[in-house]
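Novice: Okay, here's what each chain looks like letter by letter:
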Amino acid sequence: MTVNNKSFESACPLPISGKQTIQLAHGGGGRLMQELIQDVFLRAFQNPMLAPLHDGATWPMENEMLAFTTDSYVVRPLFFPGGDIGSLAVNGTINDLAMCGAKPLCLSAGFILEEGLSMDVLQRVVHSMAEAARAACVPIVTGDTKVVDRGKGDEVFINTSGVGVVPAGVHVLPTLIQPGDAILVSGDLGSHGVAVLSVREGLTFDGDVESDSAPLHRIVADLIESDIEIHCLRDLTRGGLANVLNELAMAAKVGMAVEEPTIPVREPVRGACELLGLDPLYVANEGRFVAMVPASQAETALTTMRRHEASRRAAHIGVVTDRDPSMVVLRTVVGTHRVLDLLSGEQLPRIC
Amino acid sequence: MKYVDEFRDRAVAIALAERIKKTVRWPWTIMEVCGGQTHAIVRFGLDSLLPPSLSLVHGPGCPVCVTSVSLIDQAVCLASLPRAIFCSFGDMLRVPGSHGDLFGVKAAGGDVRIIYSPLDALELARKNPDREVVCFAVGFETTAPAWAMAVTQAKQAGIANFSLLIAHVLVPPAMEAILSSPQNRIQGFLAAGHVCTVMGYEEYEVIAQRYRVPIVVTGFEPLDVLEGVAMLVSQLEERRVAVENQYVRSVSREGNRQARAIVDEVFEPATRAWRGIGEIPASGLRLKSVYSPYDAELKFQRELAQLAEGKEDPECRSGLVLQGLLKPPDCPAFGIRCTPEQPLGAPMVSSEGACAAYYRYRSHATA
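So the protein sequences, as listed, match chains A and B. Residue numbers for the first sequence, in the working numbering: 68 to 419. Residue numbers for the second sequence, in the working numbering: 145 to 511.
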């Protein structure tokens, strides 16, 4: 759920952590954002379909289930190595549907354009969306456009919503996570966040870092067709692996034990993160997900995932436990243990 | 990854921990000066590898943490000026002043920018001649050369819309303040490797002999810290007092001469107030008079004159934490009335702050 810049009248407004105004950290995927969702949005909108706080809502049809999701895209710069706001807006919403176990059917696209935006830039963004939608075989079937005064937007904001169908018998929910489940990640972490940061801040690092933005629905469909009993899926966007594991551990009231040496992070991403004082486990990804599956099926699931380009480096990184409920414990590279906590807001580069 | 993985090797870490266990016969209290080392210790759980008789105490080496509330208030005031572009390193933005933080100024419409290098801020001034670029120059000796470079370049290029709000602090006076305190219980120091990369360690030899305290210049990777502890413990057990250098791949005795020269050219020592500790003579830096047009405190004297004296939250014990007299979890407010979302003091929000390290890596484990 995203916060826009319009005034929002809550039925029962509450001060959030004593903060009287929205700050960037409220959109950072960490603890402040969770509080915002809990204290403002859930309080106002509460209903059983929203309650699981999954990537999308599902409701039962005759045999199958319908899945519905929405996401807004406000990335800066609009174009970055490995992608742009257009492909991101298509892939991101497809992925939210895929994380419900759904086969995406179609998307909507809403544009908020800033007065003065170059038509050429808009054409490039829209062309990229069309390409991404074609490649994923998920058409954009409805849309909306608004133009705001110059200075009231940031070139272009895009909202996409998506509808999909969850096959009969498939149930993918955080509450289905069981102690003993294997924790799998679909590939190396942190590339998207580092790629965007490097262009935004004009930083250059050894080795090319490209965004991992990719549609994930075919990988999920393959897992379902391979009869993997998927308990939960979640894409590793804002807040990265660490925040997602914390959210899932809290939702399922289980513990998670993760082995740091098994988590794949590419060298240039590690280098950039070391330099800036960032932890790659908290950096955003746009084409990576975590899957909780029964331990007995972990190897089959990994083999299935590795058949796809976007999940070639899938890895088994840990196990769900019944110890330390709602907590994620990391065994570090030197063999000691520590808590992998939810961040408050976004990570900030350090001083020295 | 080269130059990182070698220093995180599990087998070597365990061997070093064994060496420390075999050497230690007496209880010792040692302080790691730098917040970066504190984070390495807590992030990699290095203290859990050490014998219980060895007590690691976290030092004042977090520049964000020790910046006084009055200076944060000044930063908030300058960042709120209509024509200002206020530049800061990232982790300074969350630090609470008497009336809010820099993130709050940004949310209210102020132009607050995160920079990675002082020269980026100078470039901003060059590109925005109708704006006033004010920089929060924060840090220990490590970041001082880069700020000095920016000021000399501004002077050479005749850029007048550029100034520094200086919060620079120096490590040796802080160590001496700790050692001179009647409550002091520190018996040895791990000195900050990056500060010594710039400054060398000649100054520390004087401190070691004056206070009869062994010092080991130490790096930031897990094996650096463990090796530093091993070297320090050997000195303590053998009753030796010397300055030794663990971080030889980065530090030489005389430091980086060029960096020291530019710092000497631009800055001079000044009395500085430390958060929770108070004023320490000659523990900070200020611009020499020839560079005073770049001093934001002078340039915006009129605007800053209206500020009242900054008030620290009376419940915050960061002064004790920064002197190694209190461990963060032993503070009654820790994790209850003081969290990263609602901090009472800077050590809870700085990326090098001891309270932040414990909250992030330990809070639930100890709950």
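Calculated directly from the structure, the hints in this document are not laboratory data. Hints are supplied without guarantee of correctness; some may be wrong.
[What the hints assert, rightly or not] Below 27 Å or equal to it, Euclidean Cα-Cα: the simulated DSSO-like pairs (lysine-lysine) are:
1) LYS271(B) / LYS250(B)
2) LYS299(B) / LYS432(B)
3) LYS165(B) / LYS432(B)
4) LYS271(B) / LYS219(A)
5) LYS455(B) / LYS219(A)
6) LYS146(B) / LYS166(B)
Novice: Taking only the CA atoms, is the gap from LYS271(B) to LYS250(B) under or equal to 27 Å?
Specialist: Distance of about 21 Å is within 27 Å: holds.
Novice: Given the hint that LYS146(B) pairs with LYS166(B), does the C-alpha gap stay at or below 27 Å?
Specialist: 31 Å, violated
Novice: Given the hint that LYS271(B) pairs with LYS219(A), does the C-alpha gap stay at or below 27 Å?
Specialist: 23 Å, holds
Novice: Given the proposed pairing of LYS455(B) with LYS219(A), does the C-alpha separation stay at or below 27 Å?
Specialist: The given pair, whose Cα atoms are some 37 Å apart, is violated under the 27 Å limit.
Novice: Please verify whether LYS299(B) and LYS432(B) have alpha carbons no more than 27 Å apart.
Specialist: 13 Å, holds
Novice: Within a Cα-Cα threshold of 27 Å, do LYS165(B) and LYS432(B) meet the stated pairing?
Specialist: 49 Å, violated
This entry does not satisfy hints 3, 5 and 6, going by the numbered hints stated previously.
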